[in-house]
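Asks: Here are the chains, one letter per residue:
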Amino acid sequence: MADALFGRLSVDSLAVLHVFEDATINNMVDSGAAGLVIVGSVAAILVLKVFRLWTPLFRDWLFSVDHKRIGVMYMALALVMLARGVIEGVVMRWNQSAALGGGPLDPDHFGQLFSTHGTIMIFFVAMPFIFGLMNFVVPLQIGARDMAFPVLNQISLALTATGAALLMISLVVGEFTTGGWTAYPPYTGAVFSPGVGPDYWIWAILLSGVGSTLTGLNFAVTIYKERAPGMTLMRMPLFCWTALVTSILVVFALPPLTAAAALQALDRYLDFHFFTNDLGGNMMVYANLFWMFGHPEVYILILPAFGVYSEISATFAAKRLYGYETLVGATLCIAVISFMVWVHHFFTMGQSATINAAFGIATLLIAIPTGVKIYDWMATLNLGRIRMTVPIVYMTGFFFLFVIGGLSGIMLANPSIDFQVHNSLFLVGHFHNVIIPGVLFGILAAIHYWFPKVFGFRLHEGLGKLAAVLWIVGFSVTFFPLYGLGLMGMPRRSASFQDPSYEPLMQVAFYGSLIILLALTTVVLTIVVSIVYRRHLATPLGDPWDGRTLEWWTSAPPPPWNFAVRPQVTGVDAFAAAKERGDVYAPLDHYEPITMPAKTSIGFVVLVTTTLLGFAMVWWLWWLAIVALALLVGAIVVGSFYPPTEITIPADDVAREDRKWRESARQDRGVTRDEEISALNHGRAAPDMVAAE
Amino acid sequence: MGLVLFFAFTASSFAADTLAQPSHTFLSPLGPIAEHQRDHFFRVIAWTSIAILPVFLFTPIILIRYRRSARATYRPHSAYNPKLEVFIWGVPIVIVIALAAQLWTATHRLDPYKPLPGDPVCVQAVGLDWKWLFIFPNEGIATVGELVVPVGRPVAMELTTDTVMQSFRISALAGQIYAMPGMRTALHFKASEEGETRGENTQYNGDGFPEQRFPVRAVPKADWLDWVQAVRESDLSLTDATYARIGIRGDLSTTGKAIGSETDGPIHLSAPSPDLFGRIMARYHTGAALDPSHQPGSDTYDPERSQLPEEPMVMHGAGAAGCGPMEHADHG
Chain G
251 MADALFGRLS VDSLAVLHVF EDATINNMVD SGAAGLVIVG SVAAILVLKV
301 FRLWTPLFRD WLFSVDHKRI GVMYMALALV MLARGVIEGV VMRWNQSAAL
351 GGGPLDPDHF GQLFSTHGTI MIFFVAMPFI FGLMNFVVPL QIGARDMAFP
401 VLNQISLALT ATGAALLMIS LVVGEFTTGG WTAYPPYTGA VFSPGVGPDY
451 WIWAILLSGV GSTLTGLNFA VTIYKERAPG MTLMRMPLFC WTALVTSILV
501 VFALPPLTAA AALQALDRYL DFHFFTNDLG GNMMVYANLF WMFGHPEVYI
551 LILPAFGVYS EISATFAAKR LYGYETLVGA TLCIAVISFM VWVHHFFTMG
601 QSATINAAFG IATLLIAIPT GVKIYDWMAT LNLGRIRMTV PIVYMTGFFF
651 LFVIGGLSGI MLANPSIDFQ VHNSLFLVGH FHNVIIPGVL FGILAAIHYW
701 FPKVFGFRLH EGLGKLAAVL WIVGFSVTFF PLYGLGLMGM PRRSASFQDP
751 SYEPLMQVAF YGSLIILLAL TTVVLTIVVS IVYRRHLATP LGDPWDGRTL
801 EWWTSAPPPP WNFAVRPQVT GVDAFAAAKE RGDVYAPLDH YEPITMPAKT
851 SIGFVVLVTT TLLGFAMVWW LWWLAIVALA LLVGAIVVGS FYPPTEITIP
901 ADDVAREDRK WRESARQDRG VTRDEEISAL NHGRAAPDMV AAE
Chain H
7 MGLVLFFAFT ASSFAADTLA QPSHTFLSPL GPIAEHQRDH FFRVIAWTSI
57 AILPVFLFTP IILIRYRRSA RATYRPHSAY NPKLEVFIWG VPIVIVIALA
107 AQLWTATHRL DPYKPLPGDP VCVQAVGLDW KWLFIFPNEG IATVGELVVP
157 VGRPVAMELT TDTVMQSFRI SALAGQIYAM PGMRTALHFK ASEEGETRGE
207 NTQYNGDGFP EQRFPVRAVP KADWLDWVQA VRESDLSLTD ATYARIGIRG
257 DLSTTGKAIG SETDGPIHLS APSPDLFGRI MARYHTGAAL DPSHQPGSDT
307 YDPERSQLPE EPMVMHGAGA AGCGPMEHAD HG
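Same order as they appear, the protein sequences are chains G and H.
Going by this note's numbering, the first residue of the first sequence is number 251, and it counts up by one from there.
Going by this note's numbering, the first residue of the second sequence is number 7, and it counts up by one from there.
By construction, these hints were calculated from the structure, which means they are not laboratory data.
Predicted, not measured: the structure shown is a model, and the values here were computed from it.
A portion of the hints provided could be inaccurate.
[Claimed, not checked] Over 10 Å on every C-beta distance to chain H, these chain G residues come out as not near it, computed from the model:
#1 Asp528
#2 Met534
#3 Ile611
#4 Val684
#5 Thr772
#6 Gln917
#7 Asp924
[To be verified] Quick partial rundown of chain H residues pointing at chain G, CB under 7 Å, derived from the structure:
#8 Val61
#9 Arg81
#10 Ala106
#11 Ala107
#12 Val170
#13 Ile183
#14 Tyr184
#15 Pro187
Cβ atoms here follow ideal geometry from the backbone N, Cα and C, with glycine treated the same way.
From just these sequences and the hints, can you work out the full model?
Replies: Written as C-alpha cells, this is what we have:
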C-alpha cells in the first residue's frame, strides 16, 4: 500500500488542484485556502528578498535567544494563526447560516474546519499568545536579564512553530482530521479514519506539546531563581504570579495530553489497542487522559489573562492593586481545583450520580476564587482615577461578558443540566464566552499595554478603541445566539440541519462573525497605522503609562540586557514606590560588564528537522523520518561542542547606553496623565496630583 | 447589556419553540425528567444572578464616578478593606453552597440510571452510522429511524453502539447518555403527555452525523399497542443478515434500500434475532482482533463477512431481557 519513496503521498493529495477537477463551491473554498497559504508564503519570501531582510531575519530574530525577541516571535506566530482561525470561524458560520437542508460545504470539509479551528485556536493562538506575553514581560518584571535557559526557550518556540507549520501544511498537502480538536477515538482510530488527517493532529500536538512542557519548566525555574535582589515571591507583580502558576499547570497538565497522543499514535501506526473497540481497548481512558490536560489547559490560558487585568486595573486607576494576597491565594486555589474537575467534560459517559455530583460541586468551587477576582478588580478601580484607555475598554467588556460565561459555566457544572446541553451549541457558546472575553480580550489589552515597551512607540488610541468596541459587539452578536440554538437542541459540529426554527439565529451569528472579522482587521490596521506614525507615538523613555512595576524602569525597547544595573526591590509595585521616593533617572557611577547568552542556530535546526520529521511520519516517508531524526540528534551533539555559548558586554558599552537613556529622561519634562495619549508623551511620567488622603 | 441579550435569546428560542409546536424541546418538555431538568436550569440562573448582578450594577457606577476627570475621592494606597473582604468572599461562598446542595439532590434525583416507578417498556438502542436501531425485546419488534412510546409508562432504555462512540438524546424527554461499543449505558424516561419531538445523536461521527435524528412520538397506550401490532406484521424481520446490512454506513433511506424496505421513511422490523443486543456487545469481547471488514462503520465493512458471536455478553445486574436494574459504567 505504501510506496517506499513516496509513502502515502500522491498528486491527489494536493488540495490546490481539487478545484480544477471539479469546480464546486466546496472545492473553491478548499483550493482557495491552499492557494492562499502558497501565495502568502511566496509573498513573504519576496518581501524578504526585495527589502533585503533575509540577513536581519536570521541574525536578529531566528538565531536570537533574547526573551524579548522570542516573545515577539510567539506573538507574531499567534497573530498569523489567529487570522486563519477567525477566517475558518467565519466560513463555518457562513456554511451554517445557509445549512437548512444542506450547506454549501461538503460535510467532510466542514469536519476539517471545526477540527482545525479548535486545534489552532487553543494550541497555536491562545498558547503562543500567552507564552509570548510571558516571555516578554516576566523577565523584565522580575528584574532578570533573560530566562534561566535561553537556548531551551528558543527550542520551545521552534517546536511550537513546528506544530503550526504542520497545520498549515495540512491545508496544502492532504487533509486534516474531522475528529475535532479533542480527537476522540475510536473515530480517530485507523479503522474509522484511515487517512492522514488524525496523524497531522497527532504530530502537531506531540511536537508542540514537548515545546510547551519545556516552556513551563523554563518559566518556573526563571521565576524561582532569577528574581531581582529583594523581590520575594510576595513582592512579585501579579502577572508574574499568574505566569508562575500557569507554568506549574503546564508542567503537570501537558504530559497526559502528550501521553494520550502518543498512545493514539501507537494505535494508528503499530496496531496497538489502547483506544480501539476490540481487544480490550477503551475510549473512556482517552477521554479521561485528554481532559486531565484539557481542563487545567483552560486555566493555563486564563490565569495569565487574569494577571493582565490585575496589572492594567492598577495602572490605569493609578492605584495599588486591591487585595494582592487575596488575588495570589485565589490564583493558587484555582490552580489546585483545576485538576479535580475533569469529569465535567463527560458527565454523560455513564458513571454514577455520586461521581458526577462530586465533580460538579468541585466545578462550582472554582467559581468562588474566580468571582473573588472580579470583585477585587472592581475594588481596585474603586476610589481610583480611572483613564478609559484601550485596555480598560477591553476590561469593561470582559467584566460584562465574562460573568455571563461564568453563569453558563455554572449551569454546565450541573450534571442534570449538562445532560441536556452537552454537545450542543450552548456548550460552544459557553466556551467561546469565557475564552474570547477572558483570554483574548486580556491578550489584546496586554498587547496595547506593553506594545510601547516592546517597540518604543504606542499604538494608536482611537483605532484601538474602535477595535475593542468591535470585538465586544462582534462577540455578543455571534455567540449569544448560540446559547439560544443550543437550548433549542441544535448539536454542535453540524454541517447542516433540518429544523427551520434554527435559521434566523444562525444568520444573526453569521453577521456577528463578520463584525469579528472587521474587529481583527481593525487590530491589524491599528498596528499598521501606528507603525506609520511611530515618530508621533514614540515613547523611548520607557514609561508611557506611569507604570508601577519594574519593566517600565528601563528604556523602550529595552537593551538586550534589560537593566544596566539590576534594581533593588523593597516592596510591591517597586517602580511606583521608587518614583514616589524621588529621581528614578539619577545618574549611576558604577557599571559592570554583563554576560549574556550567545546567538545560536539550534532552534532553527530544530524547527526544520522536526517539521520534516512530523511530515514524514504523517505520510509514511520512513526514510525521510530517519534522515530528519539523524540530523536533529547530530545537530544537538555537534552544537554542544560549538563555542561560544556566552558573550560579555564590556562595562563601557553598558554605561554608554544607560547614561544616554537616563540623560534623555532627565531632560524630558514628562507628562501628566492628562497628556498621556498626546505626542508629548515620550515615556516619562510627570508626578501626578496626589489627592488628599 | 450582555445579560439582556442572553435572556433575550433564551426567550426568543423559547418563543420559537412554542410557536413551532408540536416539536417539543428541552424548554417545552413532554415528560417529568426533562421538566425537572428545565426547572433546575432556571433555578440555577436565578441563584447565580445574585453573584453577577453586582458586577453589572457597580462596574458602570465605578467607571463613571471614579473617572479621572471627575476628580472624585482618590485613595491611591488603599489596597485592603476587611468589611469589603467579607462581602467579596462571602457572596460567592454562600451562593456556591446553595447551588451545591441543589446540584447534589438534582443529580441523584435525575440519575439516568435510576428506574422510574411503574411497569417499564424495555427498549434497546443500538447506535450505527448514521441511524439508531431500536429493539423492543418484550414486544418482539424493532425499528430504525422512529421511536414510539406509550404515554404514562416509563421507558427503560439500554444503549450500545456497533461503531464509534455516540450520544443519544431526546431533549423533550430526558438528557443524553453516551453509547459506546462493547459497553452498555442506560437511560430512563417517561412521556406524560401526547406529542411529537425529535431524538438525535449529538456526538460527531462522520459525514452523515446531521442526518442521525429521528421522530419520537408519545401516544396513548391503546394506540401504542396498535402500533406494536402493525410493526409486528411487517414483512421484514431483523435476522442477523438484515442486521449486518443495517450496519452499512448511510442514512435512513440508504439503509432502507439495503434491506429491501419499500418506504423511504422509518423501517419496521419483526422478530429480532434473540439476544441481538447482547451479541452486538459481545462482538468486542471475543479475545480476538476484529478485522475492519467485520466492523460496521469502517470504510471496508462487508456485511456478507461480518458475523456476530453466538453467545451474548454476560452482564452484571441484568434483569429480564436486559432491561432490569443496572450498575453504572457496565462494560462486562
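Asks: Hint by hint, note whether the structure agrees.
Replies: Okay, the hints, checked on the actual structure:
1. Distance check for Asp528 (chain G) against chain H: the nearest CB is about 4 Å away, which does not clear 10 Å, and the non-interface claim fails.
2. The Cβ of Met534 (chain G) sits about 7 Å from the closest Cβ of chain H, inside the 10 Å cut-off, so the non-interface label is violated.
3. Annotated as non-interface, Ile611 (chain G) brings its C-beta within 10 Å of a C-beta of chain H; the closest such distance is 5 Å.
4. Non-interface status of Val684 (chain G) relative to chain H is upheld: no Cβ of that chain comes within 10 Å, the nearest being about 13 Å off.
5. Distance check for Thr772 (chain G) against chain H: the nearest CB is about 20 Å away, which clears 10 Å, and the non-interface claim stands.
6. Every C-beta of chain H lies more than 10 Å from that of Gln917 (chain G), the closest at about 27 Å, which supports listing it as non-interface.
7. The claim that Asp924 (chain G) is not at the interface with chain H is violated, since a C-beta of that chain comes within 10 Å of its own (minimum 8 Å).
8. With 7 Å as the threshold, the beta carbon of Val61 (chain H) comes within range of chain G, its nearest partner Cβ sitting at about 5 Å, so the hint holds.
9. About 4 Å separates the beta-carbon of Arg81 (chain H) from the nearest beta-carbon of chain G, less than 7 Å, and the hint is met.
10. With a least beta-carbon distance of about 5 Å to chain G, the hint placing Ala106 (chain H) at the interface is held under the 7 Å criterion.
11. Evaluation of the Ala107 (chain H) hint against chain G yields a violated restraint, the C-beta minimum of about 9 Å exceeding 7 Å.
12. Interface hint status for Val170 (chain H): upheld, as the beta-carbon distance to the closest one in chain G is roughly 4 Å, under 7 Å.
13. With a cut of 7 Å, the hint placing Ile183 (chain H) at the interface with chain G holds, because the nearest CB-to-CB distance is about 5 Å.
14. Hint status for Tyr184 (chain H) relative to chain G: holds, with the closest Cβ pair at about 5 Å, below 7 Å.
15. Hint status for Pro187 (chain H): holds, given a least beta-carbon distance of 4 Å to chain G, under 7 Å.
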